[in-house]
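Asker: Protein chains in written order, with my numbering: chain C, 1064 to 1163; chain L, 2 to 217; chain X, 816 to 1339.
Rather than coming from a laboratory, the hints here were simulated on the basis of the structure.
Note that CB positions come from ideal geometry on N, CA and C, so glycine has one too.
It is possible that some hints are incorrect.
To be verified - Here are a few chain X residues that face chain L, going by a calculated C-beta distance under 7 angstroms:
id : residue
1  : Ala914
2  : Asp916
3  : Ala918
4  : Val983
5  : Lys991
6  : Val1017
7  : Leu1018
8  : Val1022
9  : Gly1024
10 : Ile1025
11 : Ile1038
12 : Gly1039
13 : Phe1055
Claimed, not checked - Heads up, simulated EDC-like pairs for lysine to aspartate or glutamate below, C-alpha to C-alpha not over 16 angstroms straight-line:
id : chain 1 : residue 1 : chain 2 : residue 2
14 : L       : Lys101    : L       : Glu184
15 : C       : Lys1094   : L       : Glu62
16 : C       : Lys1094   : L       : Asp69
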Amino acid sequence: MAEHHVIPFSTYIKVFSALIGLTFLTVLTAKGMDLSPFNGAVAFIIAACKAGLVMAIFMHLKYDAKSNSMIIFGSFGFVMLLFIFCVLDIYTRIPVESTL
Amino acid sequence: MSTGKLDKKNGEFAHHFNDAEHEYVSSKEGVWIFLTSEILMFGALFVGYFIYSNLYPEVFEVGSQSTDWRLGFTNTIVLLASSLTMALGIYYCQKNDKKKAVMNLAATVVCGAIFMIVKYFEYSHKIHEGWLPGQWFHGDTQGIENLPLYFSFYFMMTGLHGIHVLAGMGLVTWVAIRANRGEFGPHYYTPVEGVGLFWHLIDLIWIFLFPLLYLV
Amino acid sequence: MSEGKNYINQEAGLMSWLTSRDHKRIGLLYFYSIGFFFFIGGVLAMLIRTELFRSGNLFDPALYNRFMTYHGVIMVFFVIVPGIPAILGNIIMPLHLGARDVAFPTVNLMSWYCYVGGAILAFWSIFLGGADTGWTFYTPYSINFSGANITAALAAFVAGFSSILTGVNFVATVHKLRCPGMTMKRITLFTWSLYATAILQVLATPVVGITVLLLVMENIFGIGIFDPEMGGDPVLFQHFFWFYSHPAVYIMILPAMGIISELITTFSRKTIFGYTAIAYSSLAIAGVSFLVWGHHMFTSSQSEVAAVVFSVITMLVGVPTAIKTFNWVATLYKGSIQMQSPMLYALGFMFIFTIGGVTGIFLSTIATDIHFHDTYFVVAHFHYVMVGGTLMAIMGGAYYWFPKITGRMFSEPWARMSWVFIFVGFNVTFFPQFVLGAMGMPRRYADYLPAFESLNQISSLGSYMIGTGFLIALYTFVQGAYRGEEAGMNPWGSKTLEWTIPSPPPHENFEEIPTVTAGPYEYR
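Next up, chain C with everything else stripped away, as it sits in the complex (with noise of 0.2 angstroms):
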């Protein structure tokens, strides 16, 4: 079996710490700055910024195959799918008290 791409002691380490700063820093805007509106769009940037930093880092796929990637990224998009048409017929409803 040919040697697999082993990410260096110290990476982890440092991607860790940045999970943990990101996580402080999400705490902080939510709880300590009133950013309303944008309380959720900011809490969930930075929740993206993890997700990344987990799946590029811990998951390996940074030096993983990109079929890989490809894959759980093809995934991301069928969810959107999922939302994008419920949000369609959710919000294009005409409400009961409409006198249309």
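Dock chains L and X against the given chain C, drawing on the hints supplied.
Answerer: Relative to the frame of chain C, chains L and X by itself:
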């Protein structure tokens, strides 16, 4: 056909693959494909959450005040730490350091257990207050219609996630036992890698659940 | 060729089958279990038609509702969805790829046990009083009348795991286990269609899984996510449900199209026309199928905007489907067509499926659908696609690969007779239902107005004809398996890889992994 157990650590591989590397790459892709179905499963819950939180912003604002962000924060840190130890478990398998690999895998299980214990305290607090899903809700609605809906989502999402944590703990224990028997080495650690991917996915889902249920 | 070991006589004893990780043996396990369910579903279908033979009630209407529900649940979740991939796909696909097995043999066996687990739950739910919601488990009815509905829904959930595991296995197999020289442009069209199907299985099934889980929680805890009284939205259930169940329609029909591609090219002795177009149209159908589910909900409270969008996209499905049909016809053109029984099934498929497909366009048009919705027109339409399409293809494929799987030939006259009964019986059963639907007869009810009686009687008689046809087919299989002549390696003169090895194949499939240098259908 019963050919006995394959000595995969020393480069043997199942009969339908070309070589051990082929088996490793295929198995890993299989796990990734399986993870997509996990993502779609949780994805549907997230979609439901977004739609209802937009339809009933008040319900979700008041509802999320019932959660204690400090407990969620603790659990986030615990789960991130478990992800690190899981990754290090694989790292030490690659480095052929059996003792440290087993230690890290065991630490992962312990972190999972801590997570579940914190979860237990959160749940029992909610049950005590009567903040239960749907019809079982008997707490104070604070005059808000459909407030129980928040707790339906809270318990569904964290409950399903909790079941995954328990399943993950079982799987990590399984690979830890195998690692302890010395079945893995730098040339064969496919099960550790696969279980690791599953464990990281549990972490990923929590990374999104935490701001959703505790912060926003 | 029969001396020497093959996968059937490699090991003996029940346990060697129940623990086998050989893809061919697992395929046969699936064949027996799916065949058993098909028998039950078929009997239920005939009971339904018996009730509908006359206006007025023969059975208790509540019992009829259970017949109707279990006919749907069993046929959809336990027969047609797993049918082709789990039986023929399991046995044939690795052979088509030049592989010794699927990528994960143990997972393959696990998927069969999930299927059995789901089957046990389905039976258990019958003893709990039986579900009566129809196979769609629509809320709010399914949450207000709890009990066996939940167990039946859980059965679908567990069977879903089996589907996901099969899908994971097949995607990985197609990606990783192709033999040397087998590029993606050289795999067979059957494999292409299974590949597209497997993607659907992996991506769509988990959504119905969580939906069913929410339904169960709704019953146990009354969580209210789909309950309008508590602020929930029952139409969201329909969205989630059809996000799976519409692609599921293509999980059923895509592999059928793959089989037809194989049959048409083999029995025309001609290279398939438009290989690339057929292969990519499978992927196109798979992709578009995720964007059209709302056409099941035109008469629900879905918004007009969404309905129009879904309607337009639905019509797009007709394009890749027509591409396939035209390519098959073009393959037949100037071919040396041999009318053996598998080919009869293939031609029957093209005839029936075209009617099913075209009526689908009627139903995707909102204006006509408002009229046709929940009438027998819809029943006829989806039976033309699912029975006339998928089951005809399963039968054609089963006859085609029968010599490879068992090593023996079936009796051709009997096989043709089964085709006559099934094909004619099918059209006699379901064509009148188009008319009945257009006249306004609603589906699902145990009774109807006397004016509809004569057409219903024709339809019921047709259903007994189909039943007879399948019994003849069963006889043909059993007779062939025990008494048939030795088939030899390649009785049909096909060009794909499975015909280059002995029948039945040895445990290892290929003594030496082949190297491929050309496409799969080099006839002329």
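Asker: Less than 7 angstroms between beta-carbons is the criterion; does Leu1018 of chain X satisfy it with respect to chain L?
Answerer: holds, 6 angstroms
Asker: Against chain L, is Val1017 of chain X within 7 angstroms by beta-carbon distance?
Answerer: At about 5 angstroms, which falls below the 7 angstroms cut-off, the nearest Cβ of chain L leaves the hint on Val1017 of chain X intact, so it holds.
Asker: Within 16 angstroms, alpha carbon to alpha carbon, are Lys1094 of chain C and Asp69 of chain L?
Answerer: holds, 12 angstroms
Asker: Hinted pair, alpha-carbon criterion (16 angstroms max): Lys1094 of chain C, Glu62 of chain L. Please report holds or violated.
Answerer: holds, 13 angstroms
Asker: Would you check whether Val1022 of chain X satisfies its interface hint, that is, whether its CB is within less than 7 angstroms of any CB in chain L?
Answerer: Cβ of Val1022 of chain X sits 5 angstroms from chain L, so the hint holds.
Asker: With a cut-off of 7 angstroms on the beta carbons, see whether Ile1025 of chain X makes it to chain L.
Answerer: Holds, about 5 angstroms.
Asker: Given the hint that Lys101 of chain L pairs with Glu184 of chain L, does the C-alpha gap stay at or below 16 angstroms?
Answerer: holds, 14 angstroms
Asker: Verify the interface restraint on Gly1039 of chain X: the C-beta must sit less than 7 angstroms from at least one C-beta of chain L.
Answerer: holds, 4 angstroms
Asker: Checking hints one by one. Is Ala918 of chain X an interface residue toward chain L, by the C-beta closer than 7 angstroms rule?
Answerer: Since the shortest Cβ distance to chain L is 5 angstroms, the answer is holds.
Asker: Taking the least C-beta to C-beta distance, is Phe1055 of chain X closer than 7 angstroms to chain L?
Answerer: Holds: closest Cβ of chain L sits about 6 angstroms from Phe1055 of chain X, inside 7 angstroms.
Asker: Was the hint right that Ala914 of chain X lines chain L, CB cutoff 7 angstroms?
Answerer: Hint on Ala914 of chain X: holds, closest Cβ of chain L at ~6 angstroms, below 7 angstroms.
Asker: Given Asp916 of chain X as an interface hint, is the shortest Cβ-Cβ distance to chain L below 7 angstroms?
Answerer: Holds - the Cβ of Asp916 of chain X comes within 7 angstroms of chain L, reaching about 4 angstroms at its closest.
The structure fails none of the hints (numbered hints given earlier).
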